[in-house]
Amino acid sequence: MRRRITPYLLVLPGGLWLLAFLVVPLVFMASVSTQQGDVVTGFTQAFRLANYTDALVAYRTQFLRSAGYGLAGTGLALLLGYPVAYWIAFRGGAHKSTYLLLVLLPFFVSFVLRTVAWRFLLADDGILLRPLKDAGLLPEGFHVLQTAAAVIGGLTYNYLPFMILPIYVALERIDPRVVEAARDLYATGRAAFTRVVLPLSLPGVFAGVLMTCVPMTSDYVNASILGGPANTMIGNIIQTQYLVNNDYPAGAALSFILMAAMLAGIFAYARALGTENVLRVVAR
Amino acid sequence: MSTPAHDAALLRGLTRPRARGPLTRRDALRAAGLSAAGLGLAACGVQGRTTAPPEKDAVAEYWTGKQQNGTLRFANWPLYIDKAGKRYPTLERFTRDTGIRVTYREAIQDNPSWFGKIQPQLAANQDIGYDLMVMTNGIHLGRAMALGYLVPLDHSRLPTFAANAGPRFKDPAYDPGNVYTVPWQSGITGIAYNPKYVDEEITRIADLWNPRYKGKVGMMVDTQDIANFALLSLGVDPEYATEADWRRAAARLQEQRDAGIVRKYYENDYVDALVRGDVWVCMAWSGDIFQQVAEGQDLRFTVPLEGGTIWTDNMCVPKTARNPVDALTFMDYVYRPPVATALAEYINYIPPVPATQDLIRKDAAGADGEDRESLKLLAGSPLIFPAAADLARLRTYQTLSGTSEKVFERIFQPVTQG
Numbered sequence: 001m002r003r004r005i006t007p008y009l010l011v012l013p014g015g016l017w018l019l020a021f022l023v024v025p026l027v028f029m030a031s032v033s034t035q036q037g038d039v040v041t042g043f044t045q046a047f048r049l050a051n052y053t054d055a056l057v058a059y060r061t062q063f064l065r066s067a068g069y070g071l072a073g074t075g076l077a078l079l080l081g082y083p084v085a086y087w088i089a090f091r092g093g094a095h096k097s098t099y100l101l102l103v104l105l106p107f108f109v110s111f112v113l114r115t116v117a118w119r120f121l122l123a124d125d126g127i128l129l130r131p132l133k134d135a136g137l138l139p140e141g142f143h144v145l146q147t148a149a150a151v152i153g154g155l156t157y158n159y160l161p162f163m164i165l166p167i168y169v170a171l172e173r174i175d176p177r178v179v180e181a182a183r184d185l186y187a188t189g190r191a192a193f194t195r196v197v198l199p200l201s202l203p204g205v206f207a208g209v210l211m212t213c214v215p216m217t218s219d220y221v222n223a224s225i226l227g228g229p230a231n232t233m234i235g236n237i238i239q240t241q242y243l244v245n246n247d248y249p250a251g252a253a254l255s256f257i258l259m260a261a262m263l264a265g266i267f268a269y270a271r272a273l274g275t276e277n278v279l280r281v282v283a284r
Numbered sequence: 001m002s003t004p005a006h007d008a009a010l011l012r013g014l015t016r017p018r019a020r021g022p023l024t025r026r027d028a029l030r031a032a033g034l035s036a037a038g039l040g041l042a043a044c045g046v047q048g049r050t051t052a053p054p055e056k057d058a059v060a061e062y063w064t065g066k067q068q069n070g071t072l073r074f075a076n077w078p079l080y081i082d083k084a085g086k087r088y089p090t091l092e093r094f095t096r097d098t099g100i101r102v103t104y105r106e107a108i109q110d111n112p113s114w115f116g117k118i119q120p121q122l123a124a125n126q127d128i129g130y131d132l133m134v135m136t137n138g139i140h141l142g143r144a145m146a147l148g149y150l151v152p153l154d155h156s157r158l159p160t161f162a163a164n165a166g167p168r169f170k171d172p173a174y175d176p177g178n179v180y181t182v183p184w185q186s187g188i189t190g191i192a193y194n195p196k197y198v199d200e201e202i203t204r205i206a207d208l209w210n211p212r213y214k215g216k217v218g219m220m221v222d223t224q225d226i227a228n229f230a231l232l233s234l235g236v237d238p239e240y241a242t243e244a245d246w247r248r249a250a251a252r253l254q255e256q257r258d259a260g261i262v263r264k265y266y267e268n269d270y271v272d273a274l275v276r277g278d279v280w281v282c283m284a285w286s287g288d289i290f291q292q293v294a295e296g297q298d299l300r301f302t303v304p305l306e307g308g309t310i311w312t313d314n315m316c317v318p319k320t321a322r323n324p325v326d327a328l329t330f331m332d333y334v335y336r337p338p339v340a341t342a343l344a345e346y347i348n349y350i351p352p353v354p355a356t357q358d359l360i361r362k363d364a365a366g367a368d369g370e371d372r373e374s375l376k377l378l379a380g381s382p383l384i385f386p387a388a389a390d391l392a393r394l395r396t397y398q399t400l401s402g403t404s405e406k407v408f409e410r411i412f413q414p415v416t417q418g
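Chains X and E supply the protein sequences, listed in that same order. Quick note: UniProt numbering has the first sequence finishing at residue 284, numbered continuously throughout. Quick note: UniProt numbering has the second sequence finishing at residue 418, numbered continuously throughout.
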């Protein structure tokens with residue numbers, strides 16, 4: 001009897017935590033998202049589903065832009081992060097943990113502060129652009145801040161460790177003898193990588209993409225610090241609705257649309273590239 | 001709007017940068033290394049709706065039986081009170097004079113997020129942890145009043161305010177009769193520019209539309225701030241603007257944005273961008289620019305010919321305050337001219353007590369070297385003590401009702417949020 005209860009007891013604290021701080025607020029927000037009114041006269045439940053269509057119509061540009069930035073940032077993080085993870089896992093030698101610490105080191109500085117530092121680095125007359133302009137390599141009016149490139153760059157920079165770490169874990173687990181066996185069977189270095197290492201690391205890539213794409217898409221700090229008028233993301237809109245307009249229904253509706261869109265994206269992604277399927281496809 | 005005759009030089013009195021002043025707010029800013037974060041104190045200048053004054057009895061009903069408890073919990077903006085090292089001289093003096101101990105926190109970064117934080121607690125009638133707070137006249141202060149979140153003040157206990165506050169600081173449109181608030185400091189929203197990049201004198205709001213400065217113009221993100229400037233440039237007094245005027249103003253702002261002239265709609269991080277050269281011409285708050293100039297930056301500030309706007313940060317007592325009498329005592333205390341002077345010499349915005357100008361001059365006479373120069377600059381600055389002619393060109397913000405506020409936001413928010 002006791003043995004049957006034990007697992008439930010173990011899951012109880014975590015379950016209660018999720019219930020209190022995830023499920024209850026979600027239900028509450030869902031209820032808010034169909035309400036009507038304003039903060040002064042009060043909000044009343046009107047089951048107004050038009051809140052959703054209104055929000056979607058008014059802010060479709062920002063939704064699409066966020067998706068674009070999230071995907072671009074994720075792609076960039078993958079391109080940058082995979083080689084780093086590979087190098088640490090296979091060439092890191094005795095200092096692996098030091099390199100991992102270096103990857104994590106930026107996290108010891110506040111997220112906002114790191115982003116603000118970019119503003120200093122990328123200033124129009126700053127230490128990076130001024131010399132290039134003086135050398136005639138860039139036109140005088142050229143600027144990086146307040147462009148999509150700055151926002152995507154900031155997103156990539158801030159979430160890069162979330163891409164590196166899961167890929168590293170996947171690569172680290174690969175038995176070196178598997179690679180040796182491939183080479184013994186006359187696989188070239190390239191073939192050994194594409195046929196053996198890459199497929200075995202895909203679960204890490206899968207996790208890394210999820211862990212970076214989701215927060216990047218809903219991020220608002222980078223767009224507000226590094227972006228300009230044409231770089232507003234959906235996170236910024238939600239923040240404005242909640243904090244500036246105190247229009248809680250609109251903010252809640254936007255949040256749910258974002259959540260639903262991301263869940264749909266994740267499921268589609270998992271279905272298309274589900275790790276097992278991928279393994280099977282690539283192994284063939 | 002006609003452009004009244006005035007001495008333009010007076011408004012641009014801050015022409016010569018100084019090497020380095022002694023005022024400690026600047027040191028604090030420099031020590032923080034992030035003036036953008038530090039300068040968050042200036043607030044957005046928006047004004048909310050006015051509300052009917054509470055019934056006469058409400059004041060008596062609230063204050064009867066309330067007693068001084070000897071403690072005060074004060075929430076203010078960063079770098080918005082005089083500071084010497086880790087100590088607050090004015091607060092210490094207050095404790096000495098009244099026996100009230102003050103817990104001071106720089107808890108407020110901007111009005112919207114502050115209101116968002118306290119709104120649920122006040123709605124639930126819970127203590128927000130403070131007895132006194134400072135909010136800018138604007139939408140959120142208006143909401144706090146309309147929702148009954150603020151205590152109606154007992155003016156029989158505010159004799160120093162009555163005696164010393166400047167006429168402009170009494171009975172403001174956003175709070176007739178100072179029912180809920182008394183001013184802490186005021187400031188001007190005008191235009192700042194960096195003469196390193198701009199080789200002409202900026203005098204008009206229209207200059208913010210000049211294609212010469214494409215991609216180098218900074219505007220403010222607050223909808224009332226940009227709306228007011230666009231309205232003034234169209235010759236409309238923001239206080240009396242109609243919905244049709246709003247639409248014309250929004251179209252003008254959209255035009256400026258679509259032409260790629262606006263680099264960014266800034267919150268309070270424009271100062272760094274202006275100093276670094278990311279923007280050359282920018283909407284700005286007087287105190288911020290005064291600070292930068294006093295620190296040696298070569299920046300200019302101008303109240304545009306078409307007019308500028310003036311905002312006020314106000315002290316108010318949340319309805320769940322535990323020590324309201326202590327809060328009221330402090331509100332009255334800061335209107336003593338010597339106290340107001342100590343605050344003005346540090347904060348560098350417009351003090352609500354006109355008598356401070358002479359007292360700062362006196363302090364300057366008694367000081368020497370850099371201190372003297374610095375205090376003289378302060379006492380003579382039209383940004384701290386605007387002349388009557390300048391004040392005449394400054395407009396306050398339109399008071400919006402609940403529904404018109406929604407219409408207003410729907411017209412202007414798409415400009416900044418595209």
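Rather than coming from a laboratory, the hints here were simulated on the basis of the structure. A portion of the hints provided could be inaccurate.
In silico DSBU-like cross-links for lysine-lysine, where the CA-CA straight-line distance does not exceed 30 Å [unchecked claim]:
1) E:Lys319 with E:Lys196
2) E:Lys319 with E:Lys362
3) E:Lys196 with X:Lys133
4) E:Lys117 with E:Lys319
5) E:Lys117 with E:Lys406
6) E:Lys214 with X:Lys133
Covered stretches of chain X, as calculated for chain E (at least 3 residues, CB under 8 Å) [stated by the list, open to error]:
7) 76-85
8) 226-236
Computed from a predicted model, the values in this text were never measured in an experiment. All C-beta atoms in this analysis are idealised placements derived from N, C-alpha and C, irrespective of residue type, glycine included.
Hint-by-hint comparison with the structure:
Of the pairs offered as hints, the one joining Lys319 (chain E) and Lys196 (chain E) is violated, with about 50 Å between alpha carbons and a cut-off of 30 Å exceeded. A C-alpha spacing of about 40 Å is found between Lys319 (chain E) and Lys362 (chain E), which places the hinted pair above 30 Å, so the restraint is violated. Distance hint between Lys196 (chain E) and Lys133 (chain X) is fulfilled; the C-alpha atoms sit about 17 Å from each other, no more than 30 Å. For the hint linking Lys117 (chain E) to Lys319 (chain E), the alpha-carbon distance of about 15 Å falls within 30 Å, and the restraint holds.
Restraint check for Lys117 (chain E) and Lys406 (chain E): the C-alpha separation of about 21 Å stays at or below 30 Å, so the hint holds. Restraint check for Lys214 (chain E) and Lys133 (chain X): the C-alpha separation of about 18 Å stays at or below 30 Å, so the hint holds. Residues of the stretch 76-85 of chain X lying with their CB closer than 8 Å to a CB of chain E number 0, which falls below the three-residue condition for coverage. With 6 residues having a beta carbon nearer than 8 Å to a beta carbon of chain E, the stretch 226-236 of chain X meets the requirement of three or more and the stated coverage holds.
Hint violations for this structure: numbers 1, 2, 7, all remaining hints satisfied.
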